[in-house]
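J.: This is what each chain is made of:
Number of protein chains: 2
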Amino acid sequence: MKCVSCKEDYTRCDAGTCRECYEEASETEEELKREIDELKSKVSFLRFWAPLHQLSNRFATPCFTDVVLMASGDGCGEAVPVPAHKAVLASRSPVFRAMLENEMVESLSGTIKISDVSYDALRAFVNYMYTAEACLDEQMACDLLVLAEKYQVKHLKTYCEKYMISKLNWENSLVNFAFSHQHNAKSLLDASQSLIMDNMDKLSKSEEYKELVEKDPRLVVQIYEAYLSKQVNTASLKDCSTKA
Amino acid sequence: MKCVSCKEDYTRCDAGTCRECYEEASETEEELKREIDELKSKVSFLRFWAPLHQLSNRFATPCFTDVVLMASGDGCGEAVPVPAHKAVLASRSPVFRAMLENEMVESLSGTIKISDVSYDALRAFVNYMYTAEACLDEQMACDLLVLAEKYQVKHLKTYCEKYMISKLNWENSLVNFAFSHQHNAKSLLDASQSLIMDNMDKLSKSEEYKELVEKDPRLVVQIYEAYLSKQVNTASLKDCSTKA
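If you read the protein sequences in the order shown, they are chains A and B.
The first sequence: position 213 = 217 (our numbering), numbered continuously.
The second sequence: position 122 = 126 (our numbering), numbered continuously.
Hints were generated in silico from the structure; no laboratory data involved.
These numbers were taken from a predicted model, which means no experiment stands behind them.
You can trust all of the hints, since none of them are fake.
Since the list can't tell identical chains apart, any single copy or any two copies may satisfy a pair.
In the DSSO-like style, the derived pairs of lysine-lysine whose C-alpha atoms are separated by at most 27 Å in a straight line are:
#1 K219 with K154
#2 K171 with K206
#3 K219 with K206
#4 K171 with K209
#5 K190 with K37
#6 K37 with K171
#7 K44 with K166
#8 K190 with K234
#9 K234 with K206
#10 K242 with K206
#11 K37 with K166
#12 K158 with K44
#13 K190 with K214
#14 K219 with K190
#15 K158 with K190
#16 K214 with K234
#17 K166 with K206
Hey, can you work out the whole structure from these sequences and the hints?
T.: Below, the structure written as structure tokens:
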């Protein structure tokens with residue numbers, strides 16, 4: 005028989021679907037693609053401007069702004085204000101919402117000071133709240149994750165975690181493990197821990213390990229506990245299958 | 005052979021795909037579904053609040069607003085202001101953007117008067133600009149299409165046209181044809197015209213036809229021209245196929 009999709013001949017043992025199911029699957033695929041187009045169009049409508057070009061560093065300048073954010077932490081002189089809208093910040097972050105709705109210093113003065121952040125990271129953070137997009141590298145992903153956790157911008161936090169998970173390897177797994185623990189990033193924590201578990205033989209020889217034992221020994225204990233727990237579980241699974 | 009999808013037996017003449025193509029199609033479907041989930045999450049993040057409940061009529065009250073829109077046209081006393089943000093209006097509508105960026109009466113006074121619109125339609129229009137959602141019935145779809153055309157909110161116009169096309173039938177096709185012509189709604193125009201073409205035998209007997217001949221005879225001419233053109237095309241296609 006000839007496959008209607010790849011047009012190759014196939015035999016009974018390689019049988020896939022009947023024609024009816026194939027046609028249904030094609031229709032489903034078309035419907036899903038239409039739904040994707042509609043959602044993309046919605047995103048285009050709702051974001052305030054198109055995401056910035058990868059090569060240019062120019063963020064759009066919003067108009068009718070009513071608040072500025074100031075980065076402090078660059079360690080290099082005058083902070084440059086990042087203009088924004090209270091309404092946008094409040095709708096993306098419950099922390100900003102509380103800050104701005106109650107008559108706190110920030111809402112009255114029209115300036116929100118953000119500590120321990122670079123100007124670039126702050127601009128990227130604000131831009132994200134208008135476009136749901138950010139241009140990530142490993143440093144930016146860390147900086148944005150910290151901000152996302154601090155201001156409870158869940159969508160951004162998830163975005164950064166996904167990126168950082170994609171960049172995980174044995175060499176950076178401990179650093180990521182410590183970082184994710186510090187900033188309550190559960191997905192990244194689980195992924196780093198998992199990678200460490202697969203490389204326990206190399207663990208105690210690494211520089212990062214020695215530093216972590218000094219800096220946060222309880223975190224190291226957590227690794228060993230997880231490892232032991234995994235061994236116990238694997239052993240009991242083996243028992244169950246030999247008995248069965 | 006058994007279909008891996010519906011588990012039914014099928015014969016050679018009902019063959020669909022081979023197993024490899026079936027598995028590839030399943031993976032593609034999974035990828036598309038993941039993409040849909042990510043896009044839905046992005047929409048959730050970017051809209052200002054969740055769409056209103058179908059049964060309740062309560063729109064969210066935005067905070068930190070800097071402009072109000074006033075409906076005039078209800079014909080029943082004091083206009084109730086609809087609060088909004090210049091930044092949101094300007095990002096969704098080039099007409100609002102021009103109005104607000106230049107020092108026109110509206111941007112200076114902080115009030116935008118909208119004529120010939122009901123309060124309900126205006127609230128729904130503003131709400132759309134924050135959520136990309138609207139609760140449509142046939143009246144609301146017309147009202148919102150008019151506003152969308154006037155203020156060049158393309159996404160909303162498309163949304164209304166789609167809805168109105170879904171409600172097209174012979175009885176309302178002429179009214180829709182005239183309406184779409186008046187408000188430059190090409191998709192709706194083409195769809196109404198197409199339906200009229202399929203019902204030319206009933207055309208001259210309908211009340212709407214007689215009214216339209218009185219009100220806008222050139223529009224009626226357009227219908228006949230399209231009809232004639234269609235007949236000529238169909239005739240020449242027939243010629244081509246008989247010759248071939």
